[in-house]
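S.K.: Residue strings, one per chain:
Protein chains: 2
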Amino acid sequence: MALKDSYLLPAAADMHVHLRNAPGPIAELVTPTIRKAGIDTVFVMPNLAPRPVVTVDEALEYKKALQAYDPEVNYLMSLYLHESITPDEIRKAKKAGIAGVKAYPRGATTNSQWGVVSFDPFHELLSTMESEGLVLNLHGEMPSSPTDNVTVMNAESKFLPTLASLHSKYPNLKIVLEHCTTADAVAAVRACGANVVATITAHHLSLLVDDWSANVHHYCKPSAKSPEDRRALLQALVTSEGKFFLGTDSAPHDISSKKGKGNTAAGVFTQPYALGYVLTALEEGIARGDIKEEQVTEEVLAGFLSEFGRKFYELGPAEKQILVKRDGAVVEESLKTDKVEIVPYRSGEKTWSVEWQ
Amino acid sequence: MALKDSYLLPAAADMHVHLRNAPGPIAELVTPTIRKAGIDTVFVMPNLAPRPVVTVDEALEYKKALQAYDPEVNYLMSLYLHESITPDEIRKAKKAGIAGVKAYPRGATTNSQWGVVSFDPFHELLSTMESEGLVLNLHGEMPSSPTDNVTVMNAESKFLPTLASLHSKYPNLKIVLEHCTTADAVAAVRACGANVVATITAHHLSLLVDDWSANVHHYCKPSAKSPEDRRALLQALVTSEGKFFLGTDSAPHDISSKKGKGNTAAGVFTQPYALGYVLTALEEGIARGDIKEEQVTEEVLAGFLSEFGRKFYELGPAEKQILVKRDGAVVEESLKTDKVEIVPYRSGEKTWSVEWQ
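Those protein sequences? They're chains A and B, same order as listed. By the working numbering, the letter at position 124 of the first sequence is numbered 124, and the numbering carries on one by one without gaps. All you need for the working numbering is the position in the second sequence, starting with 1, plus 1000.
No lab work stands behind these hints: they were computed from the structure. Any given hint could be a false lead.
Said to hold, decoys possible - Listed next, the in silico BS3-like pairs over lysine-lysine satisfying Cα-Cα at most 25 angstroms (straight line):
| hint | chain 1 | residue 1 | chain 2 | residue 2 |
| --- | --- | --- | --- | --- |
| 1 | A | K336 | A | K63 |
| 2 | A | K259 | B | K1336 |
| 3 | B | K1158 | A | K158 |
Said to hold, decoys possible - For the chain A half of the interface with chain B, some residues (derived, Cβ under 10 angstroms), not all of them:
| hint | residue |
| --- | --- |
| 4 | D210 |
| 5 | A214 |
| 6 | N263 |
| 7 | R288 |
The structure displayed is predicted, hence computed values, not measured ones. No residue lacks a Cβ here, since even glycine has one placed at the ideal position from N, Cα and C.
Kindly generate the complete structure, drawing on both the sequences and the hints.
M.R.: Next comes the structure, spelled out in structure tokens:
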């Protein structure tokens, strides 16, 4: 076998999660699955509907509601970059321990209707974030546009000049290119200084465009791309050196938003089995020859799954350890209450399991 | 307005349709919608399940069953290229009026599991088709393969060297590259001699990858691609000169195959409103600047919708005429019997209507 049967690792940190409105039926179902996956720290995205999280008070209230579902998790809260946010609010955010401000290009994904059209009007805000040390989290896609030949397949690559320009304009601003999906993005992040990093999801380590073409549970934004792109992500993971770390972008949707009438909501739900999926994807990548067996060391896993994200967000090391074991888990067909049903990624399949030590 | 309010045209020919097994509940529902769209001649695809049409007798029996649903339509029948077909069967097919032999790369689309892995073993058959004047109809996609970096997005472009090689090996063989979807394919077909033509569907004149990413009713093989590709298809239509003509690839699937459990079946159902969709797509293409208003003449429409296909298959001109009128139709939400429900393309939207003269 390519990998060891088990790895003893520091508790994981998932630096990009969607938990939805709290209190609320999806948050109630999903939040308790975070620690099940071996994760003790999550960066919580602010794109709630009907109103995103734009004030520190809202973020803290949201955090309190999530703590009611699981007080053991460390929730890193964020604001949704919006013109209503003042430099004073940024300073208040830093003091209150808010971890980042998320920028959504308008129209690029779920609940991005309040998002950014141009970064120019945000100059003062970004400068304040730079001096305060508050992280900018980027959904790195241009909105699709037939006129500009932007589609879901090249939307990320077309965004990369914006990343480079933000980095050059605000060299001390800490930036995360969230859920990167392309070889282009991996190269662009590597080309930037140490302040620029990227998260990689679990599902983009195994999905291709073909997989989501016929399966709505595999459809997300940014969409999964080509075999070359997937190879670049796997390579980025095993050669990260702090530049790339886990952010699952786990995005729970009720099955009615996936299989019901009308268009399919974008998002892959990976929260309860996030680490298992990563390990399975690494095994498959080794089998395909995308990465080499010897590249997947305990050190690499600990860095990508736990240490690099914590370091970037200036947290201390994990206090607890987890044991990740081959084939210990079978993914549920769905997570279900009387109010919602959410189908997890690779439902019904075997994956690696996690035990808290 | 960009276009005239109505066009008097020869009855249309749809040189690529899926009518499914006959007798059968889908064929019973769909076949009577052919003439509703202003079409009197259809090329019927042979990829039935559980067994494709591989003998002349089967094709003629299938034809008879379709005639029972609508005797007024001229059904051009085809065989499914398969190792069980002999050169004698090809000669028999020509005598019996079979119009073509369809080649499916194995694994590329619906019911392609009996398809072609390599064309080399078919040398004698293809030579016989060449000398007999029987058309080769190509599903022009390589099967997806992570090893070879083939995905649904580049599968057609990767197939084009095979088209060029078949044309060079059998220069007198009449070849149709079915449902072409890319600028690459348009250029490749133009680069071949007069024996090589391509069909273009109605839906690929308006769909992009973004449209099918979140809407299962827009998902088909080959999948819709980029704005540049769509522009190339619209340009091919208005500058066809016989090289490009209508083949809708209308592919009815029960809603359970689209929205039910499991993966989504590939195919867009366009039969009852095929001409309306083409006219609507041309109007939208003019509005976007992909084509010019003056390029859409009565002559261009008559050629693409009716004359070029008939000429390629060596049929006489249409006997009847149709009047295609702006905004006369609203697409049904679905076509429904107690056995099946099929959602048509652009359901609920306005489109052009057709009247028989």
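S.K.: Give me the numbers of the hints this structure contradicts, sorted from smallest to largest.
M.R.: none
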